[in-house]
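Top line first, the protein sequences correspond to chains Z and S. Going by numbering that gives the first Met the number 0, the residue at position 319 of the first sequence is 318; the numbering climbs one at a time, nothing skipped. Going by numbering that gives the first Met the number 0, the residue at position 315 of the second sequence is 314; the numbering climbs one at a time, nothing skipped.
Keep in mind that the hints were calculated from the coordinates and are not lab data. As the structure is a computational prediction, the values presented were derived from the model and not from experiment. Fair warning: there could be bad hints in the mix.
Claimed, not checked - Below, simulated DSS-like cross-link-like pairs (lysine-lysine); rule was C-alpha separation at most 27 Å, straight line:
1) K135(S) / K121(Z)
2) K13(S) / K269(Z)
3) K135(Z) / K121(S)
To be verified - Over the 12 Å line for every Cβ pair with chain Z, so calculated as not near, a few chain S residues:
4) D54
5) K60
6) Y161
7) Q164
8) D290
9) P294
10) K372
11) A380
Claimed, not checked - Computed, partial: chain S to chain Z, Cβ under 10 Å:
12) S172
13) L186
14) M340
Virtual Cβ for every residue (Gly too), placed ideally from N, Cα, C.
There are 2 protein chains.
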Amino acid sequence: MKAPKYKVIIDYIKEQITNGIWPVGSRLPSQRDLAKQFGVNRSTIVTALDELAADGLVEGKLGMGTVVINNTWTLMRSAPPVNWNEQVGLGTHQASLSTVQAINLAEADENLIQLSKGELSKDLFPLEEMRAVLTKVGQELEPFGYEDPKGNPLLREAIAKYLNQKGIMVHASSILVVSGALQALHLISIGLLERESTVFLESPSYLYSLSTFQSAGMKLHGIPMDKEGIIPEMIEASHHSRKSVLYCHPNFHNPTGTLMGEKRRQQLLKLAESAQLPIIEDDVYGDLWLDSPPPSPIKSHDRHGNVLYLGSLSKSLNPGLRIGWIAGPEAVIDRLADLKMQTDYGSSSLSQRAAAEWLVSGLYEKHLLKVRKQLKVRRNAALEALEKHLSSFAEWDRPAGGFFIWVKMNSDISLPDLYRKALANGVLINPGRIYATQKMQHFRLSFANAPVEDIQKGIAILESLIEDC
Amino acid sequence: MKAPKYKVIIDYIKEQITNGIWPVGSRLPSQRDLAKQFGVNRSTIVTALDELAADGLVEGKLGMGTVVINNTWTLMRSAPPVNWNEQVGLGTHQASLSTVQAINLAEADENLIQLSKGELSKDLFPLEEMRAVLTKVGQELEPFGYEDPKGNPLLREAIAKYLNQKGIMVHASSILVVSGALQALHLISIGLLERESTVFLESPSYLYSLSTFQSAGMKLHGIPMDKEGIIPEMIEASHHSRKSVLYCHPNFHNPTGTLMGEKRRQQLLKLAESAQLPIIEDDVYGDLWLDSPPPSPIKSHDRHGNVLYLGSLSKSLNPGLRIGWIAGPEAVIDRLADLKMQTDYGSSSLSQRAAAEWLVSGLYEKHLLKVRKQLKVRRNAALEALEKHLSSFAEWDRPAGGFFIWVKMNSDISLPDLYRKALANGVLINPGRIYATQKMQHFRLSFANAPVEDIQKGIAILESLIEDC
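Could you build the full structure based on these sequences and the hints that come with them?
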């Protein structure tokens, strides 16, 4: 005879508590989540929790759900167990913003229409090619171990060649392979900048939704943008100390989609040279132009080693590879390579070999042709749907590449309301607030992830919600 | 007609300077390295450097070699370029110890006899199996993107099952996949511990050769060991503040090879419970027992969530995969997963899939059988050679597993001398000094990496050098 369902649940929860997986002080999953997990009604969960409470193991706490207050061992002895939970808030690095955490979680929900995710749709995953690459890598495999501190030499050669085509004349020795551009920023934050230094950046910027630099003790200083990108004069006006660096995103800026013009790039580089302000140029969307190729990277004009250039395969090919790069002066790259060794001993050998094969074989260039074509269809569909549904309530610019449209709602519409109601109605958008230090009337709409019909449907749902916001 | 060699070299160096790869202030490679790189005599390099110096681009500086002092652009204008080199020393994280950096570099030198490398020999690389795994992963590939914050679910299930066999009764939800145990330590250091907290650890410990915890502002506090491992009474005597944690390495400790007995493990766990001292249990060598299986991990007896357990495939299978794990209380794992997302957005999807296949298919267990057998042959050969060559000059214990023999030289022998002379004679050993805060009479000998004949030859060379030390 099978045990009744609620007994199974009790045993499961007791086991979690006993084995220290849910130590004293931790919160149980919500009743709804437990019901879902065991495929039972919520009432069955309530029965189980009541019994556990009667045993003195858990307690319902107002506003906190059900909390573990004892376990079989603490019931028998006096000393309270170590409370790791208390320690959870202590580290030098901050937890992500709660809205950002909520969005990260919601991005994993396959029932939602994803107008949020900055990730290519699974439809655009090059399955055949990836399989072929893995087979090739497997066939040609030789014994491997830890890689060079700067990364696999073949991959660095391939990246150097790829950058040369963009006018960035670097050798493999001034390239560091990283696990994506985010890791590049983490390494820069802990390895190159002093605490208390200032990071100038576009306002808004997706960097505000991360805590990379703030966690390492740096201040973000947002600089206004115009249609050409960040405004150099505004940096000059704010730049007093030597302890600063400029982070910018010239190609299809996240979240606004802005493309920086040729002249503005030159101005920034000149400013860097005259004001001794190093530049971190983030170019992860550069290959995803939709109308015409963007101007050359700032780095391609850099003759004094002022610019650290970041790139990645995450946006244009696949984020699961976790392969990106930093190009810059060799001494800086050496320092960052040492730091990378200290944090993770280098990126995956398999991923590095696969990435090299993608670049060397020409498959990457072919893949880009397909992706650009598809992204263009998606962007145009999104723009049409916006025109149809939101033209009386909002305005936006047409992005010339990348993943995002930056939609500004009329001032009488509450963005937090719109975000919440959209989520309740199955549509996930990113409120502009997470990319800035002040209130924003914008949201970021990604046309890269959801199927075209969903993009259209999602935007229609947004229209239907506006009256209530 | 081809340009003369020295012209080619001049053009190359000019290009490096002009493109900001070697910015003003940076050191050129040594004349010897340049000569090697271009396959020319050193005199050709001298000719090229003389011409560059005459142009005002480089200058020989006493004790620094040749330094870039100008570039074509700075010659024309007044403002000095940004000196990233100056910035290189500024970050919050420290550079690796110089001896450690030198050893890391020497470990890449294939002409040396590697009695240093803590990495399985290439002879033990399971080439056929790794190819088969890649082929399988390729065939079964489905579109992938960013993984779950805690790592690929299939891999976490496989790790849970593997840990269950060790008596660690965790579910996949309390496991975080990381890129090796070093990354686990980095995440713990920035995510769980306060600045100024104390990390108790074995003295000596390989952690002293890293800067992970010190860079994050923690103090290492070494505790003496006996034949059973770290001595609990000595921790108790030092433990005053709540802001501390115990890091330990019960199975085949690095660098001493010590195996902690069952009773000692229980004592440590009791101490953790009564003194509220969380334990980080590092078990990366646990699968590499050579005589008989080690006692169960401390974590397997943990009923209160006091222990964070670290494991990895790097030592027992391959470091290039960059796959390790942390198991612990769910709240702690959640926090560390958030931190991991902030630093690199997760580990490589390809590596995670390959690792899952290794574990699920049973290939990993089969591989361990082979590795143990081979390692045993290597250990025994190393012990015999030590007996033959060094028995009058040193003493050591027979390690029951892992990679290392901890050799204590007689007190009249200078260890720094021995290290330097060995290196000059083509043998790399790790002086004990890098694993401690004080002078050590030991060196660490790895029997995992070099071919058996090289281990024997290397130890014979050590004998021949002892008279001079």
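Hint-by-hint comparison with the structure:
1. Of the supplied pair hints, the one linking K135(S) and K121(Z) holds, its CA atoms being roughly 21 Å apart against a limit of 27 Å.
2. Between the alpha carbons of K13(S) and K269(Z) the distance comes to roughly 22 Å, so the proposed pair stays at or under 27 Å and holds.
3. Straight-line distance between C-alpha atoms of K135(Z) and K121(S) comes to about 21 Å, which keeps the hinted pair within the 27 Å bound.
4. Under the 12 Å C-beta cut-off, the non-interface status given to D54(S) relative to chain Z holds; the minimum distance is some 16 Å.
5. Consistency note on K60(S): stated as away from chain Z, and its beta-carbon is indeed over 12 Å from all of that chain's, at 15 Å minimum.
6. With a least CB separation of 16 Å from chain Z, Y161(S) remains clear of the 12 Å interface cut-off, as annotated.
7. Here Q164(S) stays apart from chain Z, with its beta-carbon at least about 15 Å from theirs, past the 12 Å limit.
8. Its beta-carbon lying about 26 Å from the closest one in chain Z, D290(S) satisfies the requirement of being farther than 12 Å from that chain.
9. Non-interface status of P294(S) relative to chain Z is upheld: no Cβ of that chain comes within 12 Å, the nearest being about 19 Å off.
10. Every Cβ of chain Z is farther than 12 Å from the Cβ of K372(S); the closest lies at roughly 18 Å, confirming the non-interface assignment.
11. Distance check on A380(S): its Cβ is at least 21 Å (rounded) from any Cβ of chain Z, clearing the 12 Å threshold; non-interface status holds.
12. About 8 Å separates the beta-carbon of S172(S) from the nearest beta-carbon of chain Z, less than 10 Å, and the hint is met.
13. With a least beta-carbon distance of about 9 Å to chain Z, the hint placing L186(S) at the interface is held under the 10 Å criterion.
14. Nearest Cβ of chain Z to the Cβ of M340(S): about 7 Å, under the 10 Å cut. The hint holds.
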